[in-house]
Amino acid sequence: VQERQVEELRQLTYGIAVDNQEEAVEILDARGALLFSMHHVSGGGIEEYEFSKEGDRALLEWEFIQKVVGQQSDGYSNKYSGLVQAGWGDYFYIAGPILDPAGAQVGTLLVGKSLAKIGQEMRAETLAQVTLYDFAGRPLTSTFSQPVSLPQPLVSQAVAGQDESSLTRNLRALQVANIEYQEILGPWEARDDSDIGLLGISLPRNFYVSPTRITRLQVILLLCAAILLVIALGINLARIITRPLINLVRASTQISRGNFQIHLQPDSNDEVAVLTETFNEMVGDLQTSRNALLHAYDRTLEGWSKALELRDKETEGHTVRVTKMAVELARQLGIRDEDLVQIQRGALLHDIGKMGVPDEILLKPGKLSDEEWVIMRKHPQFAYELLAPIEYLQPALDIPYAHHERWDGKGYPCGLQAAQIPIAARIFAVIDVWDALRSERPYKRALSFAESYAIIQSESGSHFDPHVVQVFLADVVRLYEAEFSPG
Numbered sequence: 008v009q010e011r012q013v014e015e016l017r018q019l020t021y022g023i024a025v026d027n028q029e030e031a032v033e034i035l036d037a038r039g040a041l042l043f044s045m046h047h048v049s050g051g052g053i054e055e056y057e058f059s060k061e062g063d064r065a066l067l068e069w070e071f072i073q074k075v076v077g078q079q080s081d082g083y084s085n086k087y088s089g090l091v092q093a094g095w096g097d098y099f100y101i102a103g104p105i106l107d108p109a110g111a112q113v114g115t116l117l118v119g120k121s122l123a124k125i126g127q128e129m130r131a132e133t134l135a136q137v138t139l140y141d142f143a144g145r146p147l148t149s150t151f152s153q154p155v156s157l158p159q160p161l162v163s164q165a166v167a168g169q170d171e172s173s174l175t176r177n178l179r180a181l182q183v184a185n186i187e188y189q190e191i192l193g194p195w196e197a198r199d200d201s202d203i204g205l206l207g208i209s210l211p212r213n214f215y216v217s218p219t220r221i222t223r224l225q226v227i228l229l230l231c232a233a234i235l236l237v238i239a240l241g242i243n244l245a246r247i248i249t250r251p252l253i254n255l256v257r258a259s260t261q262i263s264r265g266n267f268q269i270h271l272q273p274d275s276n277d278e279v280a281v282l283t284e285t286f287n288e289m290v291g292d293l294q295t296s297r298n299a300l301l302h303a304y305d306r307t308l309e310g311w312s313k314a315l316e317l318r319d320k321e322t323e324g325h326t327v328r329v330t331k332m333a334v335e336l337a338r339q340l341g342i343r344d345e346d347l348v349q350i351q352r353g354a355l356l357h358d359i360g361k362m363g364v365p366d367e368i369l370l371k372p373g374k375l376s377d378e379e380w381v382i383m384r385k386h387p388q389f390a391y392e393l394l395a396p397i398e399y400l401q402p403a404l405d406i407p408y409a410h411h412e413r414w415d416g417k418g419y420p421c422g423l424q425a426a427q428i429p430i431a432a433r434i435f436a437v438i439d440v441w442d443a444l445r446s447e448r449p450y451k452r453a454l455s456f457a458e459s460y461a462i463i464q465s466e467s468g469s470h471f472d473p474h475v476v477q478v479f480l481a482d483v484v485r486l487y488e489a490e491f492s493p494g
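Count along the sequence shown from 1, then add 7; that gives the number in my numbering.
The reader is advised that the hints may include incorrect statements.
[Stated by the list, open to error] Quick list of in silico lysine-lysine cross-link-like pairs, BS3-like style, CA-CA up to 30 angstroms:
| id | residue 1 | residue 2 |
| --- | --- | --- |
| 1 | Lys-124 | Lys-74 |
| 2 | Lys-374 | Lys-361 |
| 3 | Lys-371 | Lys-385 |
| 4 | Lys-451 | Lys-361 |
| 5 | Lys-124 | Lys-60 |
[Said to hold, decoys possible] Simulated restraints, written as ranges between beta carbons of each label pair:
| id | residue 1 | residue 2 | range |
| --- | --- | --- | --- |
| 6 | Glu-57 | Arg-384 | 17 to 23 angstroms |
| 7 | Asp-81 | Glu-54 | 54 to 60 angstroms |
| 8 | Leu-134 | Leu-178 | 49 to 55 angstroms |
These aren't lab readings, by the way, just hints derived from the structure by calculation.
Note that the structure is a prediction, hence the values are computed from the model and not measured.
Backbone N, C-alpha and C define an ideal beta-carbon position, used for all residues, glycine too.
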């Protein structure tokens, strides 16, 4: 930075930024002038960035950047954050000092994420529609395709009442694409409690039948935690980039390609060795964080399925049984690794679409009328509309969306036939029906093993994939009976 070696900075920064999928990195000199900048190309591949050099952009006009360049500290940290609205887009930046070995500040590092990406990440984590507004009520970014501006009185009310305890004051009803939503409004703040704008969280009214005050509070707390997580990740990355070393670039490139097995051996006892050890720790942390994040996602899916069972007491334990047996049947059919994981996730969420079915139909103790069946058969479509926007769950959609399709083409929602039906859905269809036959309901008794066996066998080639039935009856059904021993 002191020697203004822009090409060396580009080589050092590029691999780390690609690996962490950061959208914007800016490096300023000691006076606050732009020395080097890289921005991810919108819509491009993960390795596509555009680069700017000295003087291309002016960043010193933003107060939080001035604080870092001016070497200010507020008692918490010497790093600051804030919103930058410029010709290249709206970005939320973390800014921190670049220090030389003696601890003197020689420049400033900014790591940024676009508001659009922040909104998308919050949408994926919360299942809510997210909109960020400025203080004029204009949407800065939104996961709605057609966001609705805020009336100025509501903006003033949300800002003025941000420190008061209330879960109902800052709410508004809105309609987007013929769907009614309830939007919760609150201030969007940086770490020093300075207001950046307003955050709106919208939930469809027909998704939660009656959101309670506690539910709304949980959503707000979850979103606050998500924002803090984004800030924490940005600060952590900033710390990594502020201690660069050219001989780590090659290893960084390997990591950007997904290779987390790299371990560098320090060949000295000086500061270079310390940086090498830090690099090794960073690689381990990335792998641990990835595994922990996937684990947390899977626990969330289990929570969703449990919530649905709590709504319908008669199906308690059903999800656990069918998930375990679906994975075992898939394994017997030769399915391995990541595909097994997706089958497990799809089985956990197979009835998530029933959240959109009214209680008077879902919990009806007797048989459903023709009109009620029309609504009940929409639950695979409800599941698709809920899960399809979540990239993490898209590979698991086959079971929630297609497990009511039939081998003979007489199923729903699409009337798929034979091999047109995804293999995961064909597997789960057999397991789901078997568990229903062997389980007692208010309107029917639990069938015996022999009765259930005969029904499954008779439906082979009409309702079910014959090969799946063959493997199930030969290898898996005995495991089911030994494990769960239904009545």
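Hint check results:
For the hint linking Lys-124 to Lys-74, the alpha-carbon distance of about 26 angstroms falls within 30 angstroms, and the restraint holds. Distance restraint check for Lys-374 and Lys-361: the Cα-Cα separation of roughly 17 angstroms lies within the 30 angstroms cut-off, and the hinted pair is therefore satisfied. For the proposed pair Lys-371 and Lys-385, the alpha carbon gap of about 17 angstroms is at most 30 angstroms, so the pair holds. About 21 angstroms separates the Cα atoms of Lys-451 and Lys-361, which keeps this hinted pair within 30 angstroms; it holds.
Proposed proximity of Lys-124 and Lys-60 is supported: the alpha carbons are some 25 angstroms apart, at most 30 angstroms. In this structure the hint that Glu-57 and Arg-384 lie 17 to 23 angstroms apart at CB is violated, the actual value being about 49 angstroms. In this structure the hint that Asp-81 and Glu-54 lie 54 to 60 angstroms apart at CB is violated, the actual value being about 37 angstroms. For Leu-134 paired with Leu-178, a C-beta distance near 18 angstroms fails the hint of 49 to 55 angstroms.
Checked against the numbered hints given earlier, the structure breaks hints 6, 7 and 8 and satisfies all the rest.
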